[in-house]
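Student: Chain residues, written in single-letter form:
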Amino acid sequence: MAEFSPMQLLQGTLDMLILRTLIFGPRHGHGIAVTIQRTSDEDLLVDHGSLYPALQRLERQGLIKSKWGTSERNRRARFYELTYAGRKKLTTETGKWERMVRAIGRVLQHPKEGEN
Amino acid sequence: MFWRRRRLDEEVESHLAEETADNIDRGMSPSEARRAALRAFGNVEAAKERARERHPLYWFDTLCQDVRFALRLIARNPWLSFTIVATLTVGIALNVSVFSLLNGFFLRPWVRSEPDTVVVIIPKYSGRYQLRFSDGGMTQPDYVRYRDSAKSLATLAAYRLENLTLSGSESGRIRGGLVSCEMVDAIRPAPPLLGRYLAADDCAKADAAAVAVVSESAWRTRFNADAQIVGRTILLNRVPFIVIGVAPSLNLPSQNSDCDVWVPYAMLGQLRPSDEYFADPGAQWLNVIGRRRPDFSLRQVQEELSMLARAADENVPGRQTSLIVTDGSLIQDPDVRGRAPVIFVATWGTATVLLLLACVNVATLLLSRSAARQREIAVRLSLGAGRFRLLRQLLTEGIVLSGLAALLSALIVQRGPAALWNSVASYPAPFDLKPDARVFAYCLAIALVTGLIAGMSPAVESLRPRLAESLKGSSGAVTSGRRRSRLRGVLVAVQVALSLLLVVQVALFAQAQRRFFSYDPGFETGRVLNVTFASVQSGFAPPVSFYREVESRVSAIPGVVQSSFASMAPWVGRNPTAVREIDGTPIPEPKNFMESPARRVVSADYFSALDIAITRGRAFTREEASSTRTIIPAVISETMARRYWPGQDPIGHHFRISKVHEVIGVCRDVQGVRYMQDDGPFYYWPLDLQQAKPPYMLVRVSGDLQGAMTSIREIVRQTDPQMATTIVSLASIVEGQGEQLKPMMIYGAVSGLVALLLALSGVYAVVSFSVSQRVREIGIRTALGAQRHDVVSLVLRSGAAPVVGGLVAGIGLVLALSAVMASMLYGVNPRDPLTLATMPVLLLAAALGAIWIPARRAAALDPLKSLRHE
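Residue numbers (the working numbering), protein chains in the order written: chain A, 1 to 116; chain B, 117 to 986.
I should point out that these hints are in silico values taken from the structure, not numbers from a laboratory.
Glycine included, C-beta positions come from ideal geometry on N, C-alpha and C.
Be aware that a few hints might be false.
Not the full set, but computed from the structure, chain B residues with beta-carbon under 10 Å of chain A [claimed, not checked]: (1) H131; (2) A133; (3) E135; (4) F157; (5) T835; (6) T954.
Derived DSS-like pairs (lysine-lysine); straight-line CA-CA distance at most 27 Å [stated by the list, open to error]: (7) A:K65 with A:K88; (8) B:K550 with A:K65; (9) A:K67 with B:K164.
All chains, please: the whole structure from these sequences, using the hints.
Tutor: This is the structure in structure tokens:
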């Protein structure tokens, strides 16, 4: 489990969620927030504001790119979409994430190992 | 970065608008919808800030913020800011101007156009081979070889300075430069005023065209600015030359070589028939300067020339040539390098001490202002501002202030060095005074350091606050006040110490100057004239009859007491010799050549002309002077008598240099070689006028000096119309040297005065401020029964304490730096107890005066108002 430190875990979670959300096409910031909230039943996005640092980080890393566009309500908004590198990263990260979930699951299912 | 900021603002705003619209769709009222959207978003500004932090140029954003804030702060306190910027400008401008002067003098070659491509080549010949003539220069064949074969050099010129005699003018001596015709390419002087410079044709022939270029100053002073001078013939060393041009300046880029005339160097043989170096391939007589091609570095030039030198050495068996290639600046000149640092350190050191003083002064001013901002800083800290961020902001304020001062200084520095030079020297500077990139880089660095130092103390102070007390805003709080006043006291002490250093320096310089002019070198100077015949310089020896006639006629002049001849006049030079035997016994050579005796060959009347006392035995007679004997009589100095015949009477003993001498007299020690420096062991033997080297004539006069000078000149002219003379009194030589002291004196005096004013104003400001902080305390004391004089003495005592501390530290500084100062003080002791005792007392008195004014104001406060003071 050397791949994730606790901090990275938290950040990494939000990053991955954003990338995942964008897989279906470009969205603006509000759209991403709403999607994440909806699909996780409001568990995983504490406030909308914390999206923006994450979006900046992902853009700096070259995993997403942005440009101005028009929202459904005819308002000017900034749209984000995945880059090629972003797609690749999403695939690798998803694989890592699933392995980690299984590992945590195994640990949680056998809590009394040490006691025997 | 501004559009990024706006972009993020716009993006967040549109996000909020979307959420608000969604909320309205869910049935909320518009204001509720907005509030819900904001809640869902979280802390808007914090999110934006965290998003912005991600950007690599974020630090630049915050820097701009800090700068804008600093500018606002400056605008809010106009008087204080003006004082601070003015003080810093004085300190920075002076320091950078001094550096610019030193830069032009030491760090750059004295060539005005494109100084960075200049190349100077200094050869060192060693090994076992026949040394013909050498004064450290290059041989002519070597010069031609480097000039023609070196690919890395664009041009190479050679030159030699010679004193020549100009016939037909009052003072015969004229400074001549024998130059190769590439000199114009190498130096690229300004266009000529009249005519032209030397061209390649002029040097092509071995018996070259006898042409000369005259400098503007010589043209005005010697030739009366004759408009028809081009084409006229002048006589240099009795050789006719045709003037082909007048140039604004014929400065050759090494010290003291502003020439009056340039002639082709091939003419050396005719000018000095006894020194035919041009034809002698082994003679080392040329200085070499040139330009490298821009795409070659100095190191590449060095390598190429060294290769050529090695190849040349193969043709001269036993010789090894090593070359030093420099960029032409004085600091790289091997002769200068050892001596330069002292002058550098002294001048620049004083300017830097002054700048430091200005910084600390400004720091105290800023400290007073930061006391008022204590609450603001506490609020920032409690709201979560990082300490480092705050520190950076406070330092930025200091740097912005010093940046403004530096901008002003950069403007001043265009003119400053020239003003500095003109205030102390009467002739225009031989080197370029304009500041270059190096000077501006220095200015920037200085500004940065100054800003940091000035901003540091309020910054450091502000970051150690007691948050609770500061937020409550009690300005009379005792504990934090005590720490702050201790820092203020330290700053005052530093200012006092530095100003004491500069004030003591002024006192020491004044003493040194007095000592210089009142010095008695052991012989008569005020009434003795030194007559230098023009033949001395040109190597032309007039017949003995010329001297005899001049001597007899000069002695007949009414005011003349005694005339005499000497091989060397005082303060002209030194002829060291090696004593081989004492009374027939060989002795070893001394390790240090300064310890071997020097000699002067003099006529019989020399001792009475210069009034040098003979303590034992006698001086030689006229007959001894002109006869040839196997044993030559000599008069020795007391030091030499003590050295070689300690405890005995040396009269009658013998010593041998190349010939054998018998001691017939002992004379007093004098300082005739270097002013204010002991001659060491010295001996004199009789001058034979038949010898080849023409002597100087020393004449003691009673009565009118000017009249005697005119008469002597007239006599010489009548005896030989072609002979010119230079006549000066020995005292005027001393005065001339003393002229060089003047600049340092003025500079030191001005620095000392400015330092004193700064320190006193610093003391005054701090005491005023602390009084204003302690108003309530004073009110309480007065209410409890303190009288006016009690209050005054309270303020005096607390104000004087750091001053006294500073004086003690200042004395320590002077003692520590005394070794450096001693070398410039002509024998005055830098640890002179009288100076070290009186200067601090004076400074203390002045400081007490500065403290007394706010003290009296404190005593005059109305106690009721003081108690209510916040």
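Student: None of the hints should be skipped; say for each whether it holds.
Tutor: Verification of the hints:
A cut of 10 Å between beta carbons decides the hint on H131 (chain B): the least distance to chain A is about 5 Å, and the hint holds. Satisfaction of the interface hint for A133 (chain B) is found here, the shortest Cβ-Cβ separation to chain A being roughly 6 Å, below the 10 Å cut-off. The criterion of a C-beta within 10 Å of any C-beta in chain A is met by E135 (chain B), whose closest approach is roughly 6 Å, and the hint holds. Here the hint on F157 (chain B) is kept, as its CB sits about 4 Å from the closest CB of chain A, short of 10 Å.
The beta carbon of T835 (chain B) comes no nearer than 96 Å to any beta carbon in chain A, farther than 10 Å, and the hint placing it at the interface is violated. A cut of 10 Å between beta carbons decides the hint on T954 (chain B): the least distance to chain A is about 69 Å, and the hint is violated. For the given pair, K65 (chain A) sits about 15 Å from K88 (chain A) by alpha-carbon distance, which is consistent with the 27 Å threshold. Between the alpha carbons of K550 (chain B) and K65 (chain A) the distance comes to roughly 53 Å, so the proposed pair goes past 27 Å and is violated.
Taken as a hint, the K67 (chain A) and K164 (chain B) pair is honoured in the structure, with Cα atoms around 18 Å apart against an allowance of 27 Å.
Comparing the model with each earlier hint shows violations of hints 5, 6 and 8; every other hint is respected.
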